[in-house]
Amino acid sequence: MKMSNKKKMVLKITVYVFLVLAVLTGVSQAVSRATTPEVTVTEADFGAITEQVKTTATLNYKNTDAIYAGGGWTVSNVFVSEGDQVEKGDKIFSIDTAAFELQKLQKQQEIQTLNNTYWGTNWTGGDRAALELQMEAAKLDYAQLLAQYPAGGVFCAPQAGIVKNLGVTVGTVFSKYEKMFDLVPTAGQVTYELEWTVSSAAMNKYLSENQPSASYVDENGDKVEKLLTVASKKQNADGSWAVAANWPFDMAPDFAKEYKVEMGTSLGNYPEILPRSCIHSDVDKYSIFVVKTRSGIFGDENYVEKVEVELLAENDNKAAVRAYDLPGALQGEKVVQYVSQEISNGDVVLVREEA
Amino acid sequence: MKKNRLAQGVLLLYLCVCACLMLFPVFYTVTSSFMGKQEILYYYGNITKGTSSAFLHLLPDRLSLSAYYEILLAQPNYLIKFWNSLLMTFCIIVGQLVVCVPAAYALAKFQLKHKTFYVYLVIVLMMMPLQISLVTNYWVLDKLNLIGSYLAIILPNIFSPFSLFLLYRGFCNVDQSVIEAAKLDGASDFMVLLQIAVPNAKNAICATVLMAYVSAWNMVEQPLLFLDNPAQYPLSIFLAQAGTGNLQTGFSSGVLAMVPGILLFLFFSDEFVSGLTSAVVVKR
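These protein sequences, in sequence, are chains A and B.
One point on numbering: in my numbering, the residue at position 126 of the first sequence is 126, and numbering is uninterrupted.
One point on numbering: in my numbering, the residue at position 64 of the second sequence is 64, and numbering is uninterrupted.
Hint data in this document are derived by calculation from the structure and do not stem from the laboratory.
The C-beta atom is built at its ideal place from N, Cα and C for all residues, glycine as well.
The reader is advised that the hints may include incorrect statements.
Label-pair distances were calculated between CB atoms; the ranges are [claimed, not checked]:
1. A/Q341 - B/H57: 37 to 43 angstroms
2. B/G186 - A/I13: 41 to 47 angstroms
3. A/D284 - B/L87: 27 to 33 angstroms
4. B/D175 - A/I13: 51 to 57 angstroms
5. A/D300 - B/Q38: 25 to 31 angstroms
6. A/I13 - B/L87: 38 to 44 angstroms
7. A/V291 - B/L87: 46 to 52 angstroms
8. A/E43 - B/L23: 54 to 60 angstroms
9. A/V291 - B/K37: 24 to 30 angstroms
10. B/W83 - A/G346: 36 to 42 angstroms
Calculated from the model, a selection of chain A residues having no Cβ within reach of chain B, i.e. all distances over 12 angstroms [what the hints assert, rightly or not]:
11. L21
12. T25
13. Q29
14. A30
15. T35
16. P37
17. G70
18. G72
19. K88
20. S94
21. Q112
22. L131
23. K257
24. G296
25. E301
26. R352
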């Protein structure tokens with residue numbers, strides 16, 4: 001069938017028009033998808049709000065004797081290593097004698113000088129008595145210096161045990177009464193404890209109601225959690241508390257692992273609990289966005305409605321809320337949790353279905 | 001002679017007035033589609049509120065393409081409705097041709113008992129308002145579980161008494177002797193229909209296509225009744241409701257809705273008039 005030129009032209013225009021409209025449909029759909037905020041929703045839940053403190057605990061030996069330095073010592077040689085079992089009198093480390101000998105010589109010289117001055121002074125009374133006192137003080141210092149210094153310049157184990165927390169290496173300089181290492185007695189069973197620090201404000205609140213729990217991540221990446229029994233509480237100088245609990249796990253203590261401690265207290269049960277990410281705060285006002293559906297000429301569309309809420313209780317993850325206008329009305333509502341872009345009241349949104 | 005000229009002048013004037021009245025809504029829709037949102041609100045805001053009549057404002061104060069941007073780019077829903085309308089209309093037209101062409105040919109050229117009765121039956125059905133059959137159609141579609149699907153719109157519209165009547169009159173004008181000659185040459189009824197009757201009744205078929213297009217493209221009641229989801233609604237529903245909502249996009253969508261009709265008419269304009277004429281003038 002032969003077509004007239006007019007028909008050919010109209011056909012051509014028709015094809016072009018429909019092609020343009022098809023392209024525009026695709027483009028506008030893509031633009032609409034890109035510009036319409038996408039939201040993930042959740043529903044308010046009944047439950048308890050628990051306030052929690054999370055911290056890392058240190059694994060310690062429970063029955064440990066700390067060994068302190070007797071004087072100002074410089075270590076010249078170490079004979080043991082971490083975890084070694086030693087008997088009473090076993091050599092632990094030797095002390096640099098040069099510094100000690102110099103101190104001893106200086107003290108001897110000081111005593112000699114005082115002695116010479118003392119005998120050279122005329123029997124005139126006051127001055128001689130003062131010198132005598134100085135000399136006696138110097139002699140006492142000298143005796144103490146000798147007493148601090150281990151026999152032969154070698155420090156030996158004062159008792160049998162396992163060397164732990166060895167802070168001794170060649171060249172270490174200890175001042176008097178400084179802790180050098182721990183000796184864990186070998187007699188009887190060695191016990192362990194987890195120790196952590198809590199602020200004084202939180203101390204009574206958390207421990208009075210709930211039993212703390214400890215957890216670690218095992219080789220398979222699973223979290224192993226156990227409840228703790230608090231063994232001791234000790235207030236530190238800064239007011240915080242050092243809390244210790246008995247070793248709760250069935251496995252042997254592993255000092256390389258990280259142990260997390262959680263303590264919590266229930267703030268009560270609430271009918272409308274939402275994830276914290278649902279709550280928006282504006283100065284002292286709190287609000288949430290609720291997804292509503294309306295029917296229009298283009299079909300059903302989802303839009304968000306801003307609802308002002310009262311914050312009844314909260315922790316890091318959850319918050320108990322109540323709508324000002326309609327208490328209890330949030331149950332069953334779809335509450336916006338995450339958004340792809342900023343939204344405001346009345347915005348049309350796409351609700352992302354959870355897998 | 002002078003009297004004839006005067007009569008012709010009056011007739012011309014009358015036709016011009018009629019043409020202006022016919023074209024005015026088109027012109028008004030096109031010019032208003034180039035108005036900005038604020039301008040539309042200023043001049044027609046009272047219509048949407050229903051508080052007052054609007055001031056007639058023909059030409060835009062400032063040309064704006066915002067309405068076209070809205071329907072062609074910002075919101076895909078308008079174009080989706082356009083394609084919905086196009087899909088339904090296309091299916092209805094094709095369906096009508098498939099059903100009505102053989103039926104009309106049989107009615108026109110076969111020796112049937114009570115043939116006149118059937119023709120009058122078609123005329124009666126054609127005269128019946130659409131609304132009368134809506135309830136029965138709904139009942140049937142509900143029984144077939146088709147409510148809410150596009151088939152609920154397409155199927156009832158495929159059986160169109162008007163198209164059948166138009167084609168019947170078109171086939172009546174096909175020369176019987178040509179058909180008989182073809183049959184003598186061994187052509188089957190189906191071959192005669194396809195190779196003799198259809199090409200000869202081409203104009204009536206084109207007119208039927210145009211009339212079916214107008215009817216299907218502008219339908220409002222059936223989609224409202226048979227479709228559950230407004231997302232499936234054709235553009236005609238939006239145009240019917242535009243006055244109560246977004247007037248600006250109502251005008252631009254109106255222009256968009258005119259495009260296929262204009263193109264179809266331009267394509268079939270030659271056949272359309274003679275096709276309609278064949279429906280009223282039967283060759284003897």
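Hints, verified against the model:
no.: 1; hint: A/Q341 - B/H57: 37 to 43 angstroms; in the structure: holds, 38 angstroms
no.: 2; hint: B/G186 - A/I13: 41 to 47 angstroms; in the structure: holds, 43 angstroms
no.: 3; hint: A/D284 - B/L87: 27 to 33 angstroms; in the structure: violated, 55 angstroms
no.: 4; hint: B/D175 - A/I13: 51 to 57 angstroms; in the structure: violated, 36 angstroms
no.: 5; hint: A/D300 - B/Q38: 25 to 31 angstroms; in the structure: holds, 30 angstroms
no.: 6; hint: A/I13 - B/L87: 38 to 44 angstroms; in the structure: violated, 21 angstroms
no.: 7; hint: A/V291 - B/L87: 46 to 52 angstroms; in the structure: violated, 31 angstroms
no.: 8; hint: A/E43 - B/L23: 54 to 60 angstroms; in the structure: holds, 57 angstroms
no.: 9; hint: A/V291 - B/K37: 24 to 30 angstroms; in the structure: holds, 28 angstroms
no.: 10; hint: B/W83 - A/G346: 36 to 42 angstroms; in the structure: violated, 28 angstroms
no.: 11; hint: L21; in the structure: violated, 6 angstroms
no.: 12; hint: T25; in the structure: violated, 4 angstroms
no.: 13; hint: Q29; in the structure: violated, 4 angstroms
no.: 14; hint: A30; in the structure: violated, 9 angstroms
no.: 15; hint: T35; in the structure: violated, 9 angstroms
no.: 16; hint: P37; in the structure: holds, 15 angstroms
no.: 17; hint: G70; in the structure: holds, 86 angstroms
no.: 18; hint: G72; in the structure: holds, 83 angstroms
no.: 19; hint: K88; in the structure: holds, 88 angstroms
no.: 20; hint: S94; in the structure: holds, 86 angstroms
no.: 21; hint: Q112; in the structure: holds, 104 angstroms
no.: 22; hint: L131; in the structure: holds, 105 angstroms
no.: 23; hint: K257; in the structure: holds, 56 angstroms
no.: 24; hint: G296; in the structure: violated, 7 angstroms
no.: 25; hint: E301; in the structure: violated, 9 angstroms
no.: 26; hint: R352; in the structure: holds, 19 angstroms
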